[in-house]
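Use the sequences and the hints to build the structure in full.
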Amino acid sequence: MSLTSDEVKRVAKLARLGLTEAETTEILTHLNSIIGLVDQMQQIDTDGVAPLAHPLELRQTLRTDAVAETNQRDKFQANAPHVDAGLYLVPRVVE
Amino acid sequence: MSQITDLSFSELKKSINDRVLSSVEITSAFLDRIESLNPRLNAFITITRDVAMQSAKDADTAINKGTATPYTGLPIAHKDLFCVDGTLTTCGSKILSNFIAPYDAHVVGQCKNVGLVSLGKLNMDEFAMGSSNENSYYGPVYNPWDTTRVPGGSSGGSAAAVAAQLTPLATATDTGGSIRQPAAFTGTSGLKPTYGRVSRFGMIAYASSLDQGGLIAHTAEDIAHGLGFIAGHDPRDSTSADQVVPDYTQTLNEPLKGKVIGIPKQFFDDRLDSAMHQAMDDVLDVLKSLGATTTEVSLDHVAEAIPAYYVIAPAEASSNLSRFDGVRFGHRADKPTDLIDLYERSRGEGFGNEVKRRILIGTYALSEGYYDAYYKKAQQIRRLIRDDFNRALGSCDLLFGPTTPSTAFVLGEKTADPVAMYLEDIYTVATNMAGLPGGSFQAPLIDGLPTGYQLTGRAFSESMILNAAHQVQMVTDWHKLRPEGL
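If you read the sequences in order, they're chains A and B. According to the working numbering, the first sequence is numbered sequentially starting from 1. According to the working numbering, the second sequence is numbered sequentially starting from 96.
Derived from the structure by calculation, the hints contain no laboratory data. Note that the structure is predicted; figures quoted are calculated from it, not measured. One thing to keep in mind: the hints can contain errors.
[Claimed, not checked] In silico DSSO-like links for lysine-lysine, alpha-carbon gap of 27 Å or less: (1) B:K189 <-> B:K430; (2) B:K352 <-> B:K575; (3) B:K575 <-> B:K354; (4) B:K354 <-> B:K383; (5) B:K430 <-> A:K9; (6) B:K108 <-> B:K160; (7) B:K109 <-> B:K160; (8) B:K189 <-> A:K9; (9) B:K430 <-> A:K13; (10) B:K152 <-> B:K109; (11) B:K352 <-> B:K383; (12) B:K109 <-> B:K575; (13) B:K109 <-> B:K207; (14) B:K189 <-> A:K75; (15) B:K575 <-> B:K108; (16) B:K471 <-> A:K13; (17) B:K207 <-> B:K160; (18) B:K430 <-> A:K75; (19) B:K189 <-> B:K509; (20) A:K13 <-> B:K189; (21) B:K207 <-> B:K108; (22) B:K575 <-> B:K383; (23) B:K471 <-> A:K9; (24) B:K108 <-> B:K152; (25) B:K383 <-> B:K360; (26) A:K75 <-> B:K207; (27) B:K152 <-> B:K207.
The following block contains the structure:
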């Protein structure tokens with residue numbers, strides 16, 4: 001399988017990843033060689049093999065439903081590019 | 096005596112415990128060496144001299160008051176994907192070039208709890224994606240053995256810093272070989288523990304089902320000390336194993352007599368060059384002289400580990416890296432016109448080429464219509480690989496092989512071809528797919544450059560890996576070789 005330039009643009013859109021026209025061209029070649037590598041998987045017969053998501057097949061454990069964290073909003077928001085009155089600011093979404 | 100910075104972590108521990116050296120003396124010796132050599136090696140992104148000297152003074156006070164642990168005052172440096180409270184934590188990326196971590200990673204906290212002094216933050220491939228450290232926004236790391244060569248990656252800064260004696264111990268992480276391959280390229284010892292052995296809390300995620308924190312140092316004994324305090328259950332990481340942490344130093348001297356070393360035939364086929372084959376035979380001869388026996392085993396699907404890895408890891412990365420959106424932390428594009436423009440330009444400007452490639456591959460593999468052919472297929476192959484390891488390790492105690500196909504390559508040699516770079520990890524990736532512990536330790540030099548051999552064990556058998564490597568190090572000098580002319 002190989003990708004076209006339009007497919008790269010579609011996937012980049014899904015990933016919210018801005019690419020310039022020049023980047024799209026360069027990345028297309030690289031992605032197709034990676035897909036060539038990945039396609040070697042198709043030579044292996046995996047009929048009836050259950051997918052393995054996690055090496056040790058651990059079960060997710062539940063913790064007690066108790067408050068474990070304190071509010072550190074100011075400390076965390078010190079890293080934010082744009083905040084006001086404890087809120088993260090983004091361009092207007094709803095007119 | 097030799098210079099302070101010539102000493103290994105274990106030797107420094109003895110010096111400080113015997114009151115031969117103070118933490119201030121040790122810490123300032125390493126900081127001075129970092130400041131003199133880092134401009135040529137670029138192993139550190141951030142050097143935290145003031146914080147380190149204060150910790151060293153506090154350590155000496157604790158030692159004098161009798162409140163110290165056996166590790167108080169010893170130096171360490173952290174790969175720059177471990178969050179250190181109040182310290183710049185970049186993950187090798189432009190997108191985190193202004194990120195001051197607001198909390199400590201579990202591993203960092205454990206190091207602080209035993210009184211270690213942190214010297215700074217180590218360079219790495221951006222988001223741990225790479226095998227040469229050339230993908231760092233902060234510039235490549237140069238191999239101390241030959242500065243025209245790469246130190247390996249993604250933990251290139253950790254490996255180069257230990258090799259050049261800028262720190263005796265470094266944290267590192269390994270998703271597909273990122274501890275073991277740089278250890279092999281720089282003549283250091285590196286251990287990737289069993290998945291779940293070390294908490295991932297505060298470790299910036301790349302591929303969560305594969306990522307594992309570990310250590311790089313000069314010797315297996317150094318790692319045995321370090322693993323003792325970084326391993327253990329942490330309720331903040333739901334995949335962290337609730338298993339007792341043994342004293343890894345207690346079993347280092349067990350005899351190897353009766354141990355069976357499995358030799359996967361796929362690691363010694365005609366793709367392995369003859370000099371590397373000879374280096375591996377030299378190590379095997381030592382293991383045999385110590386009483387171990389060998390048996391041939393087969394890892395039938397090991398060749399498919401790389402293709403499957405390049406679906407699973409990018410798929411997980413595309414999800415993990417969606418948190419970098421220019422809203423809550425990290426780089427934000429100037430004057431966004433709307434929310435989509437904010438996301439797309441912040442990410443487009445903030446991520447480097449390799450990260451973009453992996454996000455796109457991962458997004459593609461998970462997108463509608465491709466899931467079965469890629470992600471599901473890769474997970475099925477992952478099970479076959481895991482079963483191969485379980486079968487092989489049913490007939491032996493440890494698996495043995497080369498860590499890398501060759502010695503460190505020249506900077507720029509593989510940057511134009513991502514697939515050639517990916518194939519660098521041919522001997523290491525499968526271990527991560529199976530979640531098993533793996534270590535790389537010093538083997539004979541080839542043409543003046545380091546090589547490494549790899550030991551892989553059953554889940555939670557770190558003690559046995561460190562025991563075998565330590566026994567080899569007791570009767571060989573490969574781990575004592577240091578780069579010259581720095």
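To see whether the hints hold, each was checked on the structure:
no.: 1; hint: B:K189 <-> B:K430; verdict: holds (18 Å)
no.: 2; hint: B:K352 <-> B:K575; verdict: holds (25 Å)
no.: 3; hint: B:K575 <-> B:K354; verdict: holds (25 Å)
no.: 4; hint: B:K354 <-> B:K383; verdict: holds (10 Å)
no.: 5; hint: B:K430 <-> A:K9; verdict: holds (23 Å)
no.: 6; hint: B:K108 <-> B:K160; verdict: holds (18 Å)
no.: 7; hint: B:K109 <-> B:K160; verdict: holds (18 Å)
no.: 8; hint: B:K189 <-> A:K9; verdict: holds (23 Å)
no.: 9; hint: B:K430 <-> A:K13; verdict: holds (20 Å)
no.: 10; hint: B:K152 <-> B:K109; verdict: holds (18 Å)
no.: 11; hint: B:K352 <-> B:K383; verdict: holds (9 Å)
no.: 12; hint: B:K109 <-> B:K575; verdict: holds (18 Å)
no.: 13; hint: B:K109 <-> B:K207; verdict: holds (19 Å)
no.: 14; hint: B:K189 <-> A:K75; verdict: holds (21 Å)
no.: 15; hint: B:K575 <-> B:K108; verdict: holds (17 Å)
no.: 16; hint: B:K471 <-> A:K13; verdict: holds (23 Å)
no.: 17; hint: B:K207 <-> B:K160; verdict: holds (18 Å)
no.: 18; hint: B:K430 <-> A:K75; verdict: holds (25 Å)
no.: 19; hint: B:K189 <-> B:K509; verdict: holds (22 Å)
no.: 20; hint: A:K13 <-> B:K189; verdict: holds (21 Å)
no.: 21; hint: B:K207 <-> B:K108; verdict: holds (16 Å)
no.: 22; hint: B:K575 <-> B:K383; verdict: holds (21 Å)
no.: 23; hint: B:K471 <-> A:K9; verdict: holds (24 Å)
no.: 24; hint: B:K108 <-> B:K152; verdict: holds (16 Å)
no.: 25; hint: B:K383 <-> B:K360; verdict: holds (18 Å)
no.: 26; hint: A:K75 <-> B:K207; verdict: holds (21 Å)
no.: 27; hint: B:K152 <-> B:K207; verdict: holds (14 Å)
Of the hints listed earlier, there is not a single one the structure fails to meet.
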